[in-house]
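All chains, full assembly: derive it from the sequences and hints.
Protein chains in written order, with the numbering used here: chain G, 21 to 338; chain U, 2 to 379.
Simulated from the structure, these hints should not be mistaken for laboratory data. Bear in mind the structure is a predicted one, so any value in this text is a computation, not a measurement. The C-beta atom is built at its ideal place from N, Cα and C for all residues, glycine as well. Hints may contain errors.
Claimed, not checked - Sample of chain G residues at the chain U side, in silico, Cβ under 7 Å: (1) I118; (2) S120; (3) V133; (4) K162; (5) L166; (6) S251; (7) G255; (8) L305.
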Amino acid sequence: MSLMAMLALIISSTLVYSAPLIFTSIGGTFSERSGVVNVGLEGIMGIGAFASVVFNLTFADTLGAATPWLGLLAGAVVGLLFSLLHAVATVTLRADHIISGTVINLMAPALGVFLIKVLYGKGQTAPIAQDFGYTSVPGLSKIPFLGQLFFEKTSGPAWLAIFVAVISWYIIFKTKFGLRLRSVGENPQAADTLGLSVARLRYSGVMISGLLGGVGGAVVAQSISLNYSASTIVGQGFMAMAAMIFGRWNPIGALFASLFFGLSQSLAVVGAQLPGLNNIPSIWLQIAPYVFTIIVLVFFFGKTRAPKADGVNYIKAA
Amino acid sequence: MTTQKNSLSIALFSVLFGLIIGAVIMLVFGYNPIAGYMALLGSAFGSMQDVGGVLTQMTPLILTALGFTVAQTAGFFNIGLSGQALAGWVGAIWYSLSFPNMPAYLMIPSALIIGAGLGALAGAIPGWLRAQFGASEVIVTIMMNYILLFLGNNILQNTMSKGIKESAETTKQVGANASLQMKWLTDLTQGSSISAGIFISLMMIVVVWFIMTKTTLGFEIRAVGLNPDAAKYAGMSAKRNAVVAMAISGGLAGLAGTIEGLGNYLNFFTQNGSPSIGFDGMAVALLGGGSYLGILGAAVILSVLKIGGLGMPMSSGVPFELVDIVTASIIFFVGASYLIKLMQARIKAMDEKAAQTTKAKKQVAIGSANDSNQKDGE
Numbered sequence: 021m022s023l024m025a026m027l028a029l030i031i032s033s034t035l036v037y038s039a040p041l042i043f044t045s046i047g048g049t050f051s052e053r054s055g056v057v058n059v060g061l062e063g064i065m066g067i068g069a070f071a072s073v074v075f076n077l078t079f080a081d082t083l084g085a086a087t088p089w090l091g092l093l094a095g096a097v098v099g100l101l102f103s104l105l106h107a108v109a110t111v112t113l114r115a116d117h118i119i120s121g122t123v124i125n126l127m128a129p130a131l132g133v134f135l136i137k138v139l140y141g142k143g144q145t146a147p148i149a150q151d152f153g154y155t156s157v158p159g160l161s162k163i164p165f166l167g168q169l170f171f172e173k174t175s176g177p178a179w180l181a182i183f184v185a186v187i188s189w190y191i192i193f194k195t196k197f198g199l200r201l202r203s204v205g206e207n208p209q210a211a212d213t214l215g216l217s218v219a220r221l222r223y224s225g226v227m228i229s230g231l232l233g234g235v236g237g238a239v240v241a242q243s244i245s246l247n248y249s250a251s252t253i254v255g256q257g258f259m260a261m262a263a264m265i266f267g268r269w270n271p272i273g274a275l276f277a278s279l280f281f282g283l284s285q286s287l288a289v290v291g292a293q294l295p296g297l298n299n300i301p302s303i304w305l306q307i308a309p310y311v312f313t314i315i316v317l318v319f320f321f322g323k324t325r326a327p328k329a330d331g332v333n334y335i336k337a338a
Numbered sequence: 002m003t004t005q006k007n008s009l010s011i012a013l014f015s016v017l018f019g020l021i022i023g024a025v026i027m028l029v030f031g032y033n034p035i036a037g038y039m040a041l042l043g044s045a046f047g048s049m050q051d052v053g054g055v056l057t058q059m060t061p062l063i064l065t066a067l068g069f070t071v072a073q074t075a076g077f078f079n080i081g082l083s084g085q086a087l088a089g090w091v092g093a094i095w096y097s098l099s100f101p102n103m104p105a106y107l108m109i110p111s112a113l114i115i116g117a118g119l120g121a122l123a124g125a126i127p128g129w130l131r132a133q134f135g136a137s138e139v140i141v142t143i144m145m146n147y148i149l150l151f152l153g154n155n156i157l158q159n160t161m162s163k164g165i166k167e168s169a170e171t172t173k174q175v176g177a178n179a180s181l182q183m184k185w186l187t188d189l190t191q192g193s194s195i196s197a198g199i200f201i202s203l204m205m206i207v208v209v210w211f212i213m214t215k216t217t218l219g220f221e222i223r224a225v226g227l228n229p230d231a232a233k234y235a236g237m238s239a240k241r242n243a244v245v246a247m248a249i250s251g252g253l254a255g256l257a258g259t260i261e262g263l264g265n266y267l268n269f270f271t272q273n274g275s276p277s278i279g280f281d282g283m284a285v286a287l288l289g290g291g292s293y294l295g296i297l298g299a300a301v302i303l304s305v306l307k308i309g310g311l312g313m314p315m316s317s318g319v320p321f322e323l324v325d326i327v328t329a330s331i332i333f334f335v336g337a338s339y340l341i342k343l344m345q346a347r348i349k350a351m352d353e354k355a356a357q358t359t360k361a362k363k364q365v366a367i368g369s370a371n372d373s374n375q376k377d378g379e
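As structure tokens, then:
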């Protein structure tokens with residue numbers, strides 16, 4: 021294999037595996053910036069994957085090549101609705117955030133597989149007809165060398181995810197909404213005193229995480245697993261959570277952490293084809309993201325501080 | 002005492018609401034909820050084999066729930082129960098297959114100790130990382146679940162010698178010297194995979210209750226959980242107690258995994274995800290409301306749901322996953338107990354109001370009667 025072909029293979033598969041992590045980890049960032057811990061990302065991704073596959077199977081004939089992109093939208097909407105469960109439990113009903121997130125994770129595969137059995141009479145769906153596959157970015161792919169590596173036969177959703185990361189960074193750190201969102205995550209009492217609605221801002225944080233988590237799940241389903249079953253989402257949501265922490269609750273940080281985790285995941289898959297890497301047992305590449313997250317938490321703890329009121333319910337004085 | 006009473010009523014309301022949600026879902030999708038729940042009860046209690054199945058299901062859940070409760074008492078949220086159970090499972094199977102000729106009276110205790118010890122180690126690491134560095138145990142245990150899952154599968158596929166494996170994905174069955182199954186129990190339950198593990202689980206309820214409420218160690222763990230600063234001021238080591246509590250927690254989960262291995266499955270096979278006994282045990286502990294008897298009751302309820310659910314598709318057409326939806330809903334209501342407390346307060350307030358109005362009416366009636374008496378007197 022030529023060096024060029026090797027690099028192209030690594031880059032494109034890294035982008036494919038990173039895309040869902042980028043979307044979901046940024047979703048988690050919005051939720052936790054508003055002060056709601058979201059360990060339910062895994063479940064939200066699962067329900068997004070479910071929705072996109074059902075959408076894809078239903079409309080592939082009429083919508084053709086646009087189906088997977090509209091499937092993202094389906095995943096986004098259903099993910100958002102599903103995340104309301106977490107928002108209602110934590111913000112309105114004062115539930116423990118970890119318990120509520122665990123409920124989300126228990127509920128999603130149960131509900132998804134239940135509905136699949138009701139709809140199709142079996143525990144997993146048929147493979148989808150229209151998937152993301154590989155696309156070339158028009159214009160940019162004509163750039164010599166770099167175009168061939170990054171923009172030819174690449175993952176469309178990954179470039180969308182990178183775009184979303186930049187936008188999210190702007191929203192969180194440069195807009196009024198972002199400032200307010202962060203303020204209820206740091207000191208809800210002060211924010212409340214200044215006339216902000218803590219509940220409304222926390223609802224929006226959780227709902228954005230539902231939207232982006234749903235998209236993340238839809239990307240997995242339509243570019244990696246290509247069908248839906250109980251094992252479509254196994255761990256990607258938790259890995260996205262790790263990326264959010266690794267990225268220090270910052271969308272750009274989450275982007276790079278996701279790219280790094282995506283690289284390590286893709287090396288575990290394509291590593292066998294690459295000279296030099298095929299000597300490393302794939303187990304080390306498989307566990308690397310999780311080990312690195314623990315190391316970061318332990319050794320850089322002073323710098324990886326969560327929002328101050330993350331996971332703390334705000335009970336307004338009557 | 003009042004909190005215990007309170008959590009009992011919350012648990013009962015939650016189970017009721019969870020079952021109602023399950024019934025509504027069955028109605029919406031055109032199933033008959035009564036037939037569905039009858040099928041559930043039928044396949045949980047229909048025969049001795051079903052009862053054996055329920056007891057087999059309860060066995061590890063009691064242990065993981067106890068583990069969760071011990072950690073919670075010390076102020077830890079141990080989400081790593083599945084990984085810790087897996088560590089015990091793999092370790093115990095590997096050990097017992099490696100010494101096929103060891104007599105049972107040596108093999109079984111040592112295998113249980115090794116399995117529980119591996120779980121304890123897997124639990125102590127996040128405990129120590131939090132005590133020493135302040136790293137959140139929630140995140141470390143989630144990450145360790147995946148590390149242990151991949152390591153466990155890798156040990157099975159690449160490290161274990163060919164001689165103890167059935168195929169690349171499954172080990173051989175453990176010999177009679179390591180099996181926890183007992184002939185009279187198997188015969189009594191018509192061949193269910195029940196084992197002596199159920200007695201170990203029931204015994205551990207008492208042991209853990211005793212340690213946590215009657216010993217200095219338990220007192221210190223509770224004190225550290227309630228107020229680490231005060232405990233430190235009183236001369237207790239918050240660090241040591243954190244590690245010990247998490248090690249006990251992980252050890253119980255490791256024991257659960259060991260019993261799954263040596264009692265239920267008798268082998269280890271490639272796992273697609275962390276064993277569900279971790280999260281199910283957490284559900285049992287949450288439903289049990291932190292009380293030791295509550296854990297037993299909750300384990301019965303959730304195991305009946307799980308085993309009963311297996312029979313639902315056959316006789317009523319309802320997919321098995323319905324019971325998982327019901328379980329998740331139950332935990333939702335336990336978690337959002339504020340809702341139930343609010344409803345109880347509202348009902349109480351309405352009662353009081355009703356009582357007050359009747360009282361007021363009575364007083365008005367008495368008052369007017371007095372008035373008329375007075376008038377008569379004039």
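Evaluation of the provided hints:
no.: 1; hint: I118; in the structure: 6 Å, holds
no.: 2; hint: S120; in the structure: 5 Å, holds
no.: 3; hint: V133; in the structure: 5 Å, holds
no.: 4; hint: K162; in the structure: 41 Å, violated
no.: 5; hint: L166; in the structure: 34 Å, violated
no.: 6; hint: S251; in the structure: 5 Å, holds
no.: 7; hint: G255; in the structure: 6 Å, holds
no.: 8; hint: L305; in the structure: 10 Å, violated
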